Each structure stands twice: as C-alpha cells, then as structure tokens.
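Model the full assembly from the supplied sequences, consistent with the hints where possible.
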Amino acid sequence: MKITFPHMGNTYVAAKALLEDLGNEVILPPKCSKKTLELGTKYSPENICLPLKINIGNYIESIEKGADTIVITGSCGPCRFGFYPLLEQEILRDLGYDVDLVTFDQPQEGIIELIRRVTKVTNTKSPYKILRSGIKAKKVLDEADNLIDFSNSVRARAIDKFKVDVIINKFYKDIENVYGVKEILRLIEDARKEMSKIKIDKDFKPMRVGIIGEIYTIIEPFVNLEIEKKLGYLGIEVNKSLSPSKWVDFHLASFPFRSKEEKRTWKAAKPYLETMVGGHGRETVGNAVMYAEEGYDGLIQILPLTCMPEIVAESIMPTIQNDYDIPILTLVVDEMTGESGYLTRIEAFVDLLKRRREEIGSEDLLFGS
Amino acid sequence: MKTCYLGVDVGSVSTNLVLIDENNDVIYKKYLRTQGKPIEVLKKGLNELSKEMKDIEIKGAGTTGSGRHLASIVLGADEVKNEITAHAIASINSVPNAKTIVEIGGQDSKIIIVRDGIVVDFAMNTVCAAGTGSFLDRQADRLGIHISEFGGLALNSKNPVRIAGRCAVFAESDMIHKQQLGHSQEDIAKGLCDALVRNYLSNVGKGKEILGDIVFQGGVAANIGIKRAFEEALNMDVIVPDNYDVMGAIGVAILASDKTKKTGVTKFKGMNIANVDHKVRGFECQDCANICEVIEIMAEDDIISRYGDKCGKWTNSLEITDRTMI
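In the order they appear, the protein sequences are chains A and B.
No gaps in the numbering here: position 240 of the first sequence is 240 in the UniProt record's numbering, and each next residue is one more.
No gaps in the numbering here: position 251 of the second sequence is 251 in the UniProt record's numbering, and each next residue is one more.
Everything labelled a hint here was simulated from the structure, so no lab data went into it.
Just so it is clear, the structure is predicted and the values come from calculations on it, not from any experiment.
A hint or two may mislead.
Calculated cross-link-like contacts (lysine-lysine; reagent style DSSO-like; alpha-carbon spacing at most 27 Å) [as the list claims (entries may be wrong)]:
id, chain 1, residue 1, chain 2, residue 2
1, B, 261, B, 30
2, B, 44, B, 279
3, A, 202, B, 259
4, A, 354, B, 206
5, A, 202, B, 262
6, A, 354, B, 259
7, B, 30, B, 279
8, B, 313, A, 35
9, A, 136, A, 31
10, B, 313, A, 163
11, A, 205, B, 259
12, A, 270, B, 206
13, B, 208, A, 270
14, B, 313, A, 173
15, B, 279, B, 267
16, A, 35, A, 173
17, A, 199, B, 313
18, B, 259, B, 30
19, B, 261, A, 354
20, A, 34, B, 279
21, A, 161, B, 262
22, B, 208, A, 354
23, A, 31, B, 313
24, A, 161, B, 313
25, A, 173, A, 246
26, A, 193, B, 313
27, A, 197, B, 313
28, A, 161, B, 267
Put into structure tokens, the structure is as follows:
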C-alpha cells in the first residue's frame, strides 16, 4: 500500500511522520506548483473553490509517482468541504485512476466503519499503537507550526531577510529525504537553531498583522501567494488565526468537547454573528474581533473565490473595521489571481498602516501620553 | 538649468511620464500607450522628453504602476511605490481637502478614503472588470462611436435605459438586447454610465463613508458622462483635477522629490538609458518542483536584474536589494 494525501500547509509533515511511524510507505505529493494548479483546474468543476482544484492536482501528481491509496479528513460541516471526498472520488474514477480514497470522517456511518478505515490505513489493530503514534505526530505538527511562526517573527526583524527563506526552503527540501517522527523532529530542531543565529535588528518594533479567513488559504503558502513571506519582507510580523495544529486541537484532541480557544472565538464573534455559517465563517469574525482587541495594526482576510462562509464574514468586516478602528483588507484567490495586483494591494495596505502609526506617534508627542 | 523630478507610471494600458518642479507643479507630461512593450515605450517616452525639454536637470526619479519594478530597474529609481499610495499623494497635493478619491483606470478601479490628509482606507476591484475603462472602450466600440464622444453623448440622453451592470459579460448581452429594442445611442450611453457608477459604488465603494471633497481621476475621468453619473448618484460635486490622467506619475514624482531632498543623491541613471539596448529574457529553472520562470533583464550584454525564482538562487547571485517581488 502506497499512501498519499493532499497538501495543506504543514499537515503533510505530521501525516508523513505518523504514517511512516506505523510502517507505511508514504508517497509525498510534489510541492504545490503551477503544474499542480493547472492539472487540478483542468479536471475540476469550474466553479468549485480553489482547495478542491489543488487537491485534485496533488492526487494526480502523487498517483503518477506510484500512490494507490489517498487519505483525507472529511467534514460534515455545511461548507463544500464536506462534499470533497465524494466529488474527488468521482473525478478520479472518471479519469480512470484505480485508487482507494479513505476518508476519516466524524463517525456518522457508525464507529465500526471508522475503525475499519483507521486500521486499514494505520497498518495495525492496536488502539494503543495508533494513539501513541498519533500523540507523536501531533508533536511534530506543533513543532513544525512553531517553526513557521518563529520564522515569521525572525523575518520581520532580520537584517538579511533572505537568510530565513534559505533555512525554510532547505527544511522543506530535507523533509522529503528523512523517515519517521524522530528524524523529522531533529530536522525541525536544526532549522530552529540555524534560524536563531540570524542577525536581527533588536530595536525594530515591527507592526503586527493578523491573517484571518478560510483555513486552507491561510495555511497553504502556494495558495495565498506566500503572504507571510511578502509581509515579512515589508517588515511586518504575521500571525495566523488558524494553523493545522490548532485545527487538530479543535476537531480531534478535544473531541467531542470543543477546545477552549474555539469557544473563546465564538464568544468574540457573537455580537456580529451568532450562529454557524459553515466553514470558518464564524471563526473569521471572532478572530477579527480578538486581534482587534489585542491591538493588532491591521488584518488581512483571505478567501477562495465563491467561498460562501467567508463571504458572509466579509460582509461583517466593515462593521468591525469601524467599531475597532482597525484596517481590514480582503483578498480573494483562485487560479485567475494575478500576483502583481495582489502585491500592489498588500504594499498599499502596509503603507496605510505605516502612515497610521506615524500619525498616532505624532499625537503621542503632542499630548505627551 | 531648471531642476526637476521625474515620475513614471507604467500601467497595463498606458505609460505616463511627468516632470515636476521644486513646487510640485507639473511642467511636462506625456501619455503613451503601453501596448505590451513597457521598456520600449518607456524609452521612447524618455527620448521624446529629452528632445522637448532642454536645459533641465533631473534630481530624482520614481516609478509606480503594475510595471513599477521593471521600470525602476531600467531607470534607476529613487522611489518605487504602488499606485494606490501614489494616487493618494497626488490627489492630496492638488485638492488639499480631499476626503474621497475615486480612481478609474484602464484595468483597475479603486476608492481611497482620506481623512486629515492621510489614507485611512482603500479598496480595489477584486475579480470584476465591469467598472473600468477597458469595459467602456469596448462598449463604445459596439455602439460604433469613439470613446471621446461617449460622455457627451450620454449627457444628451432624455430617457436613460437601465443596463444590468453586475458583470462585463452580462452588461454586454443586456446592451445588445436594449439595442435590438430600438433605444437611442444617447440613452444606451447614459445607461452604461449609470450602470458603471452603480457597479462601482456597490462593489468597490461598498461600506465606505463617502464624504466631500470627492476627487475623480484616472483615464475615465475624461468622460463627462461618468462624472455626471457620479454626481447624480452621490448628490455631491465631483472634482476632476487638471492632470487627472497622470496622477500616479505625479504622486511618485513628489515622493521621489521628498526622498532625494532628504538624501541629496539620486540613483537615476540619466537620459542616456533611452539609447541603451534593453532586453528581457526568461527561462524555466528545472532545479526543483517550483519550476519558476526566471526573468533576466539585460542592458547591452550585462544582466542588470533577475527575478521570479521563489528560492532566490538566481536573484541572489546578483547584487539586488529589492526582493519584495520574488
């Protein structure tokens, strides 16, 4: 059995660690690239959201590398993601690929079915073994996400920002050549050590921008045109409201009791949006409010074209912008997105934030506060 | 010898060159069609500039527009700024009380909200072109009139038709329908102006507090039909500044002037660059899965810039400071 899975930020690092730890052969899909997107766009429905198109591209590229089993998580939530496994299976079948698509869904078809799927993919029937590997994989995911957060903080302050990218690029390249939890953790540690040696400007206080919106577009750098890097180069410290490790906290680690953080987000969203609108719509609103309360300089919402939950959230953003006096920029991505227009908007947004800060700074001088 | 500052706006449709003096007043402007050849058109513009303007000394240069990075490499610019900031600077310079800036160009339309002389909010059209100059251009073509007559025609309308303006494609089919029903050209022209303004206000201007003074600039500001439609829709006066069509270039010239006055030096390579042979060539780097298209800009036989590689391997082998475009 040669297992593969779609790219979704750092998830693949942990998924690789987990499945390899359980003795599977893992075929990593090539990094998302223009080719991935082209393949996906060609074989997906025109109006579907961007993540599905990229998924399809990932699958085709992995199958060409020899994969015969695909693992994805499912979702019963009222967003199109809940429909992904079925649709993807159909598309692959139409293309004539004989692959097994295994979905880890919330057990609505019965817990026995879920156990069957889990044991199939994990190569073992021992719940203890699965749990032990799962905990280790969660550590890998946390560490990988922490590394990226750390890189964002360093990039904003680094004197030669390019050095950060060199380390991160090398890290992602090396991942493909190591095996299992232990080696991956060592790799992360090495990258972290290497990064802490980068010279930073200690007096520089970067502005902080929070990234909100649909999870996939936030965490997959290819899809959001590497927004963390672009902002970092402009001297902005980036914080992402969602990450794969947070997602696992929400949906698995605290199942069925929901995580504390999720409840906090919902509470923050309540004055603007009381109910679930699917996807991460409510979380986007809640996170916007929480970032604003924490004194962030600005927010950027990223969503794939035609994403219904995010459109609901987008329509609420002007109200939050007014109530909290915090600039919010919305960026929509799909396969038609032109990079230069995207960069122009980000640059102009950063200009605006800088001017605001200068203005506030001079007021402080005037009133001596 | 008169000292002045050069501003260049390289957009997808037009390339504009502007010279301003020490008081930020425009002393020269040139509007050219980009026609997909930004470097050639830029050099042509410089050539004409040096012929028409004698006895000047350029003490600073800035570039803006979607081709700003490319132009800055060719020119040696002191300031490279996005068009949103550049437009705002120019507007505030010409209308000090500006609170709302409406900018409609060939490909983009934007709204910039200014309070107390600083930009506090902006929005740009996202995925729709039904509110831009190219759209009007096309529809004028369909009506069989030149774009310069379009606005005047609209003003003569007594009974405007309502055109569905949500999307350029739908607007076009609705317009064909209205033509077939026998509506006059004036009424259709007015209907289109109203549709464009309605579309602009509900998509780009959505949720923004529009206060006067309103400045209307960009190529479309030449169209008096659109200006009138804005005034009717907002019930306020709309100001079109004298140099409405080259505001981006003015803005970045002002920024370059501010910067070089502080630093005292300029990176501008001089007017001779118009005679240097520039070439752009690209290749696909096959070293990893990204398969980046690496672009090289050559001046005669020297590589003066490289960009496009995600990992920076090629870019980094040259001495380059501007990495924001990688």
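Status of the hints after comparison with the structure:
no.	hint	verdict
1	261(B) x 30(B)	24 Å, holds
2	44(B) x 279(B)	15 Å, holds
3	202(A) x 259(B)	26 Å, holds
4	354(A) x 206(B)	24 Å, holds
5	202(A) x 262(B)	25 Å, holds
6	354(A) x 259(B)	16 Å, holds
7	30(B) x 279(B)	23 Å, holds
8	313(B) x 35(A)	21 Å, holds
9	136(A) x 31(A)	24 Å, holds
10	313(B) x 163(A)	12 Å, holds
11	205(A) x 259(B)	23 Å, holds
12	270(A) x 206(B)	23 Å, holds
13	208(B) x 270(A)	24 Å, holds
14	313(B) x 173(A)	14 Å, holds
15	279(B) x 267(B)	21 Å, holds
16	35(A) x 173(A)	18 Å, holds
17	199(A) x 313(B)	21 Å, holds
18	259(B) x 30(B)	23 Å, holds
19	261(B) x 354(A)	21 Å, holds
20	34(A) x 279(B)	26 Å, holds
21	161(A) x 262(B)	26 Å, holds
22	208(B) x 354(A)	21 Å, holds
23	31(A) x 313(B)	18 Å, holds
24	161(A) x 313(B)	14 Å, holds
25	173(A) x 246(A)	24 Å, holds
26	193(A) x 313(B)	22 Å, holds
27	197(A) x 313(B)	21 Å, holds
28	161(A) x 267(B)	23 Å, holds
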